[in-house]
Amino acid sequence: MTSEAAAQPARRKRGRPPAAGKSKKDLDGGKSRDREVVAAAVRLFYSKGYAATSIQDIADELGLLKGSVYYYIDTKETLLRRIFETSHEQVREIAEKYQAPEDGSALERFRGFLREYALWYLRNIPRASLFAREWRHASDELRAVMLEQRKYYDHALRALILAVGDERRLEVADDASMISNFIMSAVSSLPDWFHPDGSRSAEDVATHYVDYATRVLTGGDVQPG
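Each residue of the sequence shown is one higher than the last, beginning at 1 in UniProt numbering.
Incorrect hints may have been included.
With a cut-off of at most 25 Å between alpha-carbon atoms, the simulated SDA-like pairs for lysine to any residue come out as follows [claimed, not checked]: (1) Lys151 - Thr78; (2) Lys76 - Ala59; (3) Lys76 - Glu36; (4) Lys48 - Ile125; (5) Lys97 - Ala159; (6) Lys76 - Ser139; (7) Lys76 - Ala138; (8) Lys151 - Tyr71; (9) Lys97 - Arg115; (10) Lys97 - Glu36; (11) Lys76 - Leu62; (12) Lys97 - Thr214; (13) Lys97 - Tyr152; (14) Lys151 - Arg133; (15) Lys48 - Glu141; (16) Lys97 - Tyr153; (17) Lys97 - Ala51; (18) Lys48 - Pro126; (19) Lys48 - Ala138; (20) Lys97 - Glu85; (21) Lys151 - Asp192; (22) Lys151 - Glu77; (23) Lys66 - Ala51; (24) Lys76 - Ala39; (25) Lys151 - Ser105; (26) Lys151 - Leu62; (27) Lys97 - Arg82; (28) Lys76 - Ser105; (29) Lys97 - Glu203; (30) Lys48 - Thr75; (31) Lys97 - Leu147.
Hints in this document: simulated from the structure, not taken from any laboratory.
Work out the full structure, taking the sequences as your base and the hints as a guide.
This is the structure:
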C-alpha cells in the first residue's frame with residue numbers, strides 16, 4: 001500500500017448508515033429513518049396490499065437502495081409485525097383505561113371505550129385497515145400472536161358488556177360473546193367505507209356507533225344514568 005493510499009479515509013459501504021456498534025435491534029423504533037421505513041410500509045401495504053408489496057417498492061418509496069432497507073429489517077414480515085405490535089399497544093392502552101370500576105359506571109366505561117376504539121380506527125385508516133385485514137397474510141407464528149391479541153380486546157369488551165348487564169339488571173350473559181363480536185365487526189369495518197373528507201366527521205361517526213352499540217346492549221337506553 002502506498003503512503004498516498006494509506007492517507008485516504010476508508011469509504012463506507014453505500015446504503016449503510018453509521019451504526020457505532022449498534023445492532024439492528026438497537027435501532028428499532030429509535031431512529032427517524034427506522035420510523036420512516038415503517039411508515040412507508042403502512043402506506044404501501046394499505047394502497048397495494050401486503051402480498052403485492054415488495055421490499056423494492058418500499059426502497060423506491062424511501063429513495064433507498066433495496067439492500068439499505070434490510071439494514072432496518074430482516075424480512076418483509078418484520079414490518080408487518082412492527083405495525084401490528086404498535087397498533088396492539090395503542091388499542092390496549094385504550095381498553096385498559098376503562099376496566100376499573102372506579103373510573104365510572106359500567107355504561108360510561110362501555111361507551112368511553114367504544115368511542116375511543118372507534119376513533120382510533122377512524123383516525124388511523126391505513127394502519128387500522130392493516131390491523132383488521134392483513135393479518136391473514138402473516139405466518140402461522142405471527143397469526144397466532146395476533147389471534148391472542150384479538151382475544152384480549154374481546155375479553156375486555158365482554159367484561160364491560162357483563163358489567164353493564166349487572167348494573168342495569170339486563171340478561172346479557174348468554175349473548176355477551178355475540179354482542180362483542182357484532183360490535184368488533186362493525187368497528188373493524190370502518191376503514192372500508194369511511195372517508196376523512198366525507199360529509200361526516202370521525203367524531204360524528206364514532207358518536208353514532210357508540211349509540212347504536214348501546215341500544216343493542218341495553219334495548220334502548222343510550223345515556224348513562
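A quick look at each hint next to the structure:
no.	hint	verdict
1	Lys151 - Thr78	22 Å, holds
2	Lys76 - Ala59	12 Å, holds
3	Lys76 - Glu36	15 Å, holds
4	Lys48 - Ile125	14 Å, holds
5	Lys97 - Ala159	13 Å, holds
6	Lys76 - Ser139	11 Å, holds
7	Lys76 - Ala138	10 Å, holds
8	Lys151 - Tyr71	34 Å, violated
9	Lys97 - Arg115	12 Å, holds
10	Lys97 - Glu36	29 Å, violated
11	Lys76 - Leu62	15 Å, holds
12	Lys97 - Thr214	19 Å, holds
13	Lys97 - Tyr152	14 Å, holds
14	Lys151 - Arg133	16 Å, holds
15	Lys48 - Glu141	24 Å, holds
16	Lys97 - Tyr153	13 Å, holds
17	Lys97 - Ala51	35 Å, violated
18	Lys48 - Pro126	11 Å, holds
19	Lys48 - Ala138	16 Å, holds
20	Lys97 - Glu85	19 Å, holds
21	Lys151 - Asp192	22 Å, holds
22	Lys151 - Glu77	22 Å, holds
23	Lys66 - Ala51	17 Å, holds
24	Lys76 - Ala39	13 Å, holds
25	Lys151 - Ser105	24 Å, holds
26	Lys151 - Leu62	35 Å, violated
27	Lys97 - Arg82	23 Å, holds
28	Lys76 - Ser105	44 Å, violated
29	Lys97 - Glu203	19 Å, holds
30	Lys48 - Thr75	18 Å, holds
31	Lys97 - Leu147	22 Å, holds
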